[in-house]
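Sequences and hints are given; from them, build the entire structure.
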Amino acid sequence: MSTSLHLAVENEVWAALGTVLDPELDEPITDLDFVESCTVSADGVATVGLRLPTFFCAPNFSFLMVADAYDAVSAVDGVTSADVTLADHHASAEINGGVAAQAGFVGSFAGSDQGEAVAELDELRTQFFRKAALAGQDRVARPLVDAGVGPDELAVMNLGAVPPSADLTRMRERRAALGLPHDDDAPLLLHGDGSRVSTAQVPLHLRRARLQRVGIETNGEFCKSLLQTRYAATAP
Amino acid sequence: MYEKDGEKYFIVDSHIHFWDASRENWKPGREEFAKGWIDCFYGYHQLGPPETHWDYEKYLKVTPEDFERDIFIEGHVDHAIFQSTYLLDWYTNGFNTIDQNSALLEKWGDRLIVNGRFDPREGDAGLKQLEVDARRFNLKGVKVYTAEWYEGSRGWRLDSPEAYRFLEKCQELGIKNIHAHKGPTIWPLDKDAFSVSDIDAAATDHPGLNFIVEHAAIPRIEDFCFMAVQEPNVYAGLSVVIGGLMHARPKFFAKVMGELMFWVGEDKMTFGGDYNIWVPKWQVEGFVDWQMPDDDAFTDYAKLTTATKKKILGLNAARLYDIPVPAEMQLETTAGETGAPGHELVDGTAGAQA
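Order-wise, the sequence lines are chains U and H. Just so we're aligned: 134 in this note's numbering is position 132 of the first sequence, and the numbers increase by one with no gaps anywhere. Just so we're aligned: 456 in this note's numbering is position 278 of the second sequence, and the numbers increase by one with no gaps anywhere.
There's no promise every hint is true.
Per the computed footprint, the stretches of chain U lying under chain H, defined by three or more beta-carbons under 8 Å from a beta-carbon of chain H, are [said to hold, decoys possible]:
hint, region
1, 126-140
2, 219-232
Computed list of chain H residues with no C-beta within reach of chain U, every gap over 12 Å [to be verified]:
hint, residue
3, Lys306
4, Tyr342
5, Glu463
6, Asp500
Please keep in mind that the hints were generated in silico from the structure rather than gathered at the bench. Cβ coordinates follow ideal geometry from the N, Cα and C atoms, glycine included.
What follows is the structure, encoded as structure tokens:
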């Protein structure tokens, strides 16, 4: 492959990694500095090294990130094969071996000393999309509340009436993944079951949404702090 | 006791350890896990102010002299509660066992409370041991760590029939405080390891017990708050909340405190310095000086009063553990009182402001 093509593929691989989310933090692994290394060889082999804030980060979320990264990188034009590995983790062997063998989560941990899985991780992922969709309502509605929009208006407001923003796009994506209303006619404020929030319910609903956002973002702050500390010696 | 600006604070540090993570104690064949565990703690340690950071070797195991200085001489602590964490799968003599902790009782018995532990997977033998420990140490509390590895098992649930046998035994033995700690590795691996739903059911079914959820269940603080607002016998242990956020991430510390004040309330929070992840000195002094910021992002959140801080730093835990408080420092708190489930979730408002 030519040098310019090679560079283009490396950029594409990096962009692909940017679509991979930490399911618990709802942020791309590239923003979280979880991608330690990323190279593409002349014959198109992509080698990606991932790292996490602690040795004991939950194996299920860790697996999802490695598996999603493998899928995203493998799908890039020009990549002939992908080698994605997680370093410094108590279940590195199971996760790396399982992802390389495309064994799924249950298969990866079968017979492992690290514990046993009885199901794949779709339900877990959905559970955290729900949390992200709730937190998104705070991100999108808070500026409106601060601007003086009251419960009566918020209860009937649809997404089409909300000024466009990155937070709005993100919330639409999470809702879409859950099969919840997300187009312009969809209510801004939504219960977990997809039903509209009544005027009377607005204050407590917004409290919940804010708490959810504080929870996710606080976890993110912990993870960033611990990652910085763990890899301080190698940080740029 | 800590005194600042003419106010006297009675300090109960309800979450401390006296651990042995020295290399000699790393179980042969399990060194990677023993090291991984303490390295994780050492990462948290470095979230405190830089001048409080210790050398790694010192961090592995402190001496009784270090303990005395850090807790009682410099740390302002009146009474401290030891929480045991066994981890016998990784540490030959255990990480922080009741026997290790009780060695300090000879000198500090009037100011140290040793909490026990149980693990329902130990069955009848575990029940007997709990009885022995309860008599020997006059236990009023236990620490349970639901993610602990035990033989082939990678964790357990507080709402299982096996666990209920132990909770009922606790009630019988006068052990009324259950400190629950959620950790990251649990069976089955495909579920959320940090879920607090088991505490919800256990608390509903055991109204005579208090459930203190350590580090306010971070990373599931939202699930914890939704539960705590409906369960009058659920408390937020502030271990890690103050130590891990107040210095390193002050804005998030403010947000978390604001949420806890709203959903849980100042009578249901207890200070825990988490020695020796951190020493208590800077946490106590910093918390007394701390206030909710004035900027717009925090206007919804309650300010902390001097009374709030006094209750959180000691008076609530003193009530749960029947620790006598000098009259000049005492205040009214609802800590330890039983209420009806759900009474704090009323008509679309919640928590302390309901």
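These are the hints, each one checked on the structure:
1. Only residues whose C-beta sits within less than 8 Å of a C-beta in chain H count toward coverage, and the region 126-140 of chain U has 3 of them, enough to reach three; the restraint holds.
2. As drawn, the region 219-232 of chain U meets chain H at 9 residues by the rule of a beta-carbon pair under 8 Å; at three or more, the given contact holds.
3. Against chain U, the non-interface label of Lys306 of chain H holds: every CB pair exceeds 12 Å, the least being about 29 Å.
4. In this structure Tyr342 of chain H is separated from chain U by more than 12 Å, as the shortest Cβ-Cβ distance comes to about 23 Å.
5. At roughly 21 Å from the closest C-beta of chain U, the C-beta of Glu463 of chain H stays outside 12 Å, upholding its exclusion from the interface.
6. At roughly 33 Å, the least C-beta separation between Asp500 of chain H and chain U is larger than 12 Å, which holds for a residue marked as non-interface.
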